[in-house]
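Undergrad: Given only the sequences and the hints, what does the whole structure look like? Please build it.
Number of protein chains: 2
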Amino acid sequence: MSQKEIPYKIYLEESEMPKAWYNLRADMKNKPAPLLNPETLKPMTAKELSGVFCDELIEQELDETTAYIEIPEDIRNFYKMYRPSPLVRAYCLEEKLQTPAKIYYKFEGNNTSGSHKLNSAIAQAYYAKKQGLKGVTTETGAGQWGTALSMACSYFDLECKVYMVKCSYEQKPFRREVMRTYGASVTPSPSMDTEIGKKILAEHPGTSGSLGCAISEAVEVASKTDGYRYVLGSVLNQVLLHQTVIGLETKTALDKYGVKADIIIGCAGGGSNLGGLISPFMGEKIRGEADYRIIAVEPASCPSFTRGKYAYDFCDTGMVCPLQKMYTLGSNFIPAATHAGGLRYHGMSSVLSQLYADGLMEACSVKQTEVFEAAEKFARVEGILPAPESAHAIKVAIDEAMKCKETGEEKTIVFGLTGTGYFDMMSYEKFHNGVMTDYEPTDEEIETALKRLPKLDV
Amino acid sequence: MSQKEIPYKIYLEESEMPKAWYNLRADMKNKPAPLLNPETLKPMTAKELSGVFCDELIEQELDETTAYIEIPEDIRNFYKMYRPSPLVRAYCLEEKLQTPAKIYYKFEGNNTSGSHKLNSAIAQAYYAKKQGLKGVTTETGAGQWGTALSMACSYFDLECKVYMVKCSYEQKPFRREVMRTYGASVTPSPSMDTEIGKKILAEHPGTSGSLGCAISEAVEVASKTDGYRYVLGSVLNQVLLHQTVIGLETKTALDKYGVKADIIIGCAGGGSNLGGLISPFMGEKIRGEADYRIIAVEPASCPSFTRGKYAYDFCDTGMVCPLQKMYTLGSNFIPAATHAGGLRYHGMSSVLSQLYADGLMEACSVKQTEVFEAAEKFARVEGILPAPESAHAIKVAIDEAMKCKETGEEKTIVFGLTGTGYFDMMSYEKFHNGVMTDYEPTDEEIETALKRLPKLDV
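Those protein sequences? They're chains A and B, same order as listed. For reference, each letter of the first sequence is one residue, going 2 to 459 in this note's numbering. For reference, each letter of the second sequence is one residue, going 2 to 459 in this note's numbering.
Wrong hints could be hidden among the right ones.
Stated by the list, open to error - Calculated Cβ distances over 12 Å to all of chain A for the following chain B residues:
no., residue
1, 15
2, 31
3, 32
4, 52
5, 167
6, 199
7, 287
8, 338
9, 408
Claimed, not checked - With the Cβ distance kept under 10 Å, some of the chain B side facing chain A (calculated, not the full set):
no., residue
10, 47
11, 50
12, 386
Rather than coming from a laboratory, the hints here were simulated on the basis of the structure. Here a beta-carbon is modelled for each residue, glycine too, at the ideal position from N, C-alpha and C.
TA: Structure below.
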């Protein structure tokens, strides 16, 4: 098919939308290492997880054999409100770069949560409702995940308690009000609602909070409140599973037009968007049906893949969650305050960690001023104002397209544009005013943080 | 065709997108009254307008006979970056309301400007570029139009100077930074750049500015700067013309599924979105090919149609622009500061004014707390967080759907959802906190403002 016949935006028909999520673990030769109980150091059982998580989500979390898991009709109907998301051919960016590369991006920002997070939020809310629960708790930093979950809970008439890192609560009132519009209760963390919150406030009265503390509060409330469970927006296997709608739609759209991707690029914080985008392609790669270069892009200020250690570690700062084997910078590693976007998690999805350890994907890190330069260049030609997180992938997609310009190769590059930057304009302002700085942790900082790794021989 | 076969979102193919704008004036039996030169009281000529506006846009402004005006290919390509916009079947809202009515909305918010404004911004930037101009000036209040124009100018490498009402410049830094991301210069108005700005600052040193003052500054800079013209985001005939892409796409999508609309609803400030949405339907109505109820919804705090006078008036507070015959509240009428959204213009499109005077459409006004209630209800079931402006149409669409519930009629209701409310969260916050108030001008206030109408017998 000639290039000109490919539209600017490929929208699938509703009938072409995926009816099942794809569970990459079923095809992985080396399975990701299991979650461990921090006390017994034995794999967590479904029963042990059931006080915190919903039952069917635990099944999905532990399932390593079922390749396709049906998407319930209620979730598919919700997906129809904002999906299929467009796969966009970046004709304008290609022309601006004067590259022979063909660039596509899967745009997940066209919904009120402003990102891909909604794909998993609606699934988690659905299973909570199905289990007859009253509500769920979660934490949120900047508010993307909290917004998505609020929307999902509103749809299923579930209560939603969000613990929002205090400094974000105060500095990002817009996100807070979006959550309230969807009926969520939003509490600045640390709060007096919980034992851990009271303890932290007693020790550090002026603290502005942290994600680790907000997680601990949300988990505590979920486990102590009748009819409540805790839900999480990234890192977990179940979240990657739900996010495979991104990759499945992308693959169907490319196949429909006979396009074969050469390079697939995504940003990586906890790994949910990247895992969701690449899963079907990685499945083909593992099964030897096709080959792809797959690149994870992380911030230089929080470089789990590129400078972390592959080891069992705590998933949270409070050390209350199970141990997970992953690339990690240490569970109390916190990126510098000058770091603008998300992608702040100290660890990484265990699925992606295993794939990276097996040499099936690459990783690279980029500096934030470069990221905002790429974001602005992209916005001016493609129209969409990207989230800083998403712009990590843009930066590397542009780099790869420029390499094609040098070599003359007509490679097909596909990247994930996870969301919009409407609530990140304070960071753009810093960039415009020339006061944005770059930061990379020193080797000593990372070594110090890694000293907190649990001591175990597994 | 059975209802179930209609998808949640109807996306046209690129090949089905309109190739020409539809000029409703060609079909109107009573043409809108011409713009008058305020000095001679004779119709403005193209030559008189050419110092301020671009040449081809003036042609479009004055053209009352050409029914279809071709959309240049460059504009159609830009449209492809964010259009066709979806026509959404509001299945979830229908279910929530338990109404037999079928509700559809044309959603124009899925682009970075967050509204339909981009449809005309790109056209105006294109003609400015084609004329070999260096740049354009404009004013913006909350920033929706300024953002759209910045994006359009960035695409065509045109300079863009935006005069932003000072209080918005300070209170809405996000919009300002979006404009800067697209390379626009944004100046708080009144400024020391212009004679009128200096004059106002000398008289009122602490003023927080007004739209009328920003218009005057933008017009002054355009007329005094080589290679510059002034552009406007609503009210004008040319803007309604460009916005007919909304209505044309809507009609094609409905026709494709064999759906006949009964009621068409849109919010009305200057009238560009409403005019664009209804034009093709109104054309059929005028030609006797079909009948529709068409409803303009305006804020009770700025009720041009429902409480204004149909008369020649000044288009701007500064009284420098031509006179236009329209429904008006008087050129220095300013809605109360407690009014949250846009739709603040004292007058109305002359095309829509004529249609309303001829009894071809209805108008009603709604209070802002009702509007925010409707907005929140809609957001919770349909996902999209609407702009306060757009929520005026939602409010009346829900009212009409509830009437159908009473009567059992299965009417088809179509409304325009012009944009998203991400930058309006401070207003939502007021609503959540129960401190939002309603306001309606008294008869005396309107009478006083109308005393400023120019005295002429036409």
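Undergrad: Is it correct that the beta-carbon of residue 32(B) has no partner in chain A closer than or equal to 12 Å?
TA: With a cut-off of 12 Å, residue 32(B) remains clear of chain A, as the shortest Cβ separation is near 36 Å.
Undergrad: Residue 167(B): least C-beta distance to chain A exceeds 12 Å?
TA: For residue 167(B), whose nearest Cβ neighbour in chain A is about 18 Å away, the distance exceeds 12 Å, so it holds.
Undergrad: Hey, does residue 52(B) actually stay past 12 Å from chain A on C-beta?
TA: With a cut-off of 12 Å, residue 52(B) remains clear of chain A, as the shortest Cβ separation is near 30 Å.
Undergrad: Classify the hint on residue 47(B) as holds or violated, based on whether any CB of chain A lies nearer than 10 Å to its CB.
TA: Since chain A brings no Cβ nearer than about 32 Å to residue 47(B), farther than 10 Å, the hint is violated.
Undergrad: Regarding the assertion that residue 287(B) does not contact chain A, is the least Cβ-Cβ distance greater than 12 Å?
TA: At about 34 Å from chain A, residue 287(B) clears the 12 Å cut-off, so the statement holds.
Undergrad: Confirm or reject the statement that residue 31(B) sits farther than 12 Å, beta carbon to beta carbon, from all of chain A.
TA: holds (39 Å)
Undergrad: Is the claim that residue 338(B) lies outside the interface with chain A correct, judged by CB distances over 12 Å?
TA: holds (20 Å)
Undergrad: Checking the smallest CB distance to chain A, is residue 408(B) really beyond 12 Å?
TA: At roughly 28 Å from the nearest Cβ of chain A, residue 408(B) sits farther out than 12 Å, so the non-interface label holds.
Undergrad: Tell me if the interface restraint on residue 386(B) is satisfied: Cβ within less than 10 Å of some Cβ in chain A.
TA: Given a least distance of 4 Å, the restraint on residue 386(B) holds.
Undergrad: How about residue 50(B): closest beta carbon in chain A under 10 Å, or not?
TA: With a minimum Cβ separation of about 30 Å from chain A (threshold 10 Å), the hint on residue 50(B) is violated.
Undergrad: Does the claim that residue 199(B) lies off the interface hold, with its Cβ farther than 12 Å from every Cβ of chain A?
TA: Non-interface label stands for residue 199(B): nearest chain A Cβ at 27 Å, farther than 12 Å.
Undergrad: Residue 15(B) clear of chain A by more than 12 Å, beta carbon to beta carbon?
TA: Violated: least Cβ distance 5 Å, not greater than 12 Å.
Of the numbered hints given earlier, the model fails hints 1, 10 and 11; all others are met.
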